[in-house]
Amino acid sequence: MALRLSPQMTVMQSAAQKAAKRLLRDFSEVEQLQVSVKGPSDFVSQADIRAEQTVREELAKARPGYAFLMEESGTSGPADWTHRWVVDPLDGTTNFLHGVPHWCISIALEQRKPDGGTEISAGVIYNPVNDEMFWAERGVGAFLNERRLRVAARREIKDALFATGIPFAAVSAARRLSFARTLGPEHLVVDRVVD
Numbered sequence: 001m002a003l004r005l006s007p008q009m010t011v012m013q014s015a016a017q018k019a020a021k022r023l024l025r026d027f028s029e030v031e032q033l034q035v036s037v038k039g040p041s042d043f044v045s046q047a048d049i050r051a052e053q054t055v056r057e058e059l060a061k062a063r064p065g066y067a068f069l070m071e072e073s074g075t076s077g078p079a080d081w082t083h084r085w086v087v088d089p090l091d092g093t094t095n096f097l098h099g100v101p102h103w104c105i106s107i108a109l110e111q112r113k114p115d116g117g118t119e120i121s122a123g124v125i126y127n128p129v130n131d132e133m134f135w136a137e138r139g140v141g142a143f144l145n146e147r148r149l150r151v152a153a154r155r156e157i158k159d160a161l162f163a164t165g166i167p168f169a170a171v172s173a174a175r176r177l178s179f180a181r182t183l184g185p186e187h188l189v190v191d192r193v194v195d
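Counting in our numbering, the sequence shown runs from 1 upward without gaps.
Keep in mind the hints are simulated off the structure, nothing from the lab. Treat the hints with care, as some may be off.
List of simulated lysine to any residue pairs, SDA-like, C-alpha gap at most 25 Å [to be verified]:
1) K18 <-> E29
2) K18 <-> S121
3) K18 <-> A136
4) K21 <-> A122
5) K113 <-> Q13
6) K113 <-> A136
7) K21 <-> V100
8) K18 <-> R138
9) K18 <-> G99
10) K21 <-> A108
11) K18 <-> E71
12) K18 <-> P128
13) K21 <-> D131
14) K18 <-> E146
15) K61 <-> E72
16) K61 <-> G74
17) K21 <-> E72
18) K113 <-> H83
19) K113 <-> P64
20) K18 <-> L144
21) K21 <-> S73
22) K18 <-> E137
23) K113 <-> W81
24) K18 <-> A60
25) K21 <-> R63
Produce the complete structure using the sequences and hints provided.
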């Protein structure tokens, strides 16, 4: 039996899948992409920009009053927002630009609470190369496609896997833990550990 997605989750997954179609096309022609340097080992490509545009258009069409916090273009929308999309349209740009098929699209929905604080109420991380849709929604659970994900029963940190996409964090953690790894884009790293 297929899971029934909430309207918010349906919008998020649809936006990620639409952006993925273009990214997969760009990935197969990566040598032709125009690339700019944002900082040391920090690149932005035409693929990032086009994917961000696609995600923004899809989300804005479905939820016109929501604000945005985008990886490439920053913040936009109402200053007094109650809902905000947080988007990294291409996490793992360096891998993408080098033809390494370890990258993803990340979309989260942030909500403002009555006390003024905020919380993430839903998130999608889509790995289009393997057609893996990791998603979670407050009160519903976390899933890989339609398979429910569960937290491991390990109680001691020494028995756990620590994974990061930040190499120096792995070196620091390795001094305290028995098993530390760097795996790639942060969002996919989290998903692999959860899975």
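Quick rundown of the hints versus the structure:
no.	hint	in the structure
1	K18 <-> E29	18 Å, holds
2	K18 <-> S121	22 Å, holds
3	K18 <-> A136	19 Å, holds
4	K21 <-> A122	22 Å, holds
5	K113 <-> Q13	24 Å, holds
6	K113 <-> A136	19 Å, holds
7	K21 <-> V100	17 Å, holds
8	K18 <-> R138	24 Å, holds
9	K18 <-> G99	21 Å, holds
10	K21 <-> A108	20 Å, holds
11	K18 <-> E71	18 Å, holds
12	K18 <-> P128	10 Å, holds
13	K21 <-> D131	11 Å, holds
14	K18 <-> E146	19 Å, holds
15	K61 <-> E72	20 Å, holds
16	K61 <-> G74	19 Å, holds
17	K21 <-> E72	19 Å, holds
18	K113 <-> H83	10 Å, holds
19	K113 <-> P64	20 Å, holds
20	K18 <-> L144	18 Å, holds
21	K21 <-> S73	21 Å, holds
22	K18 <-> E137	20 Å, holds
23	K113 <-> W81	11 Å, holds
24	K18 <-> A60	14 Å, holds
25	K21 <-> R63	22 Å, holds
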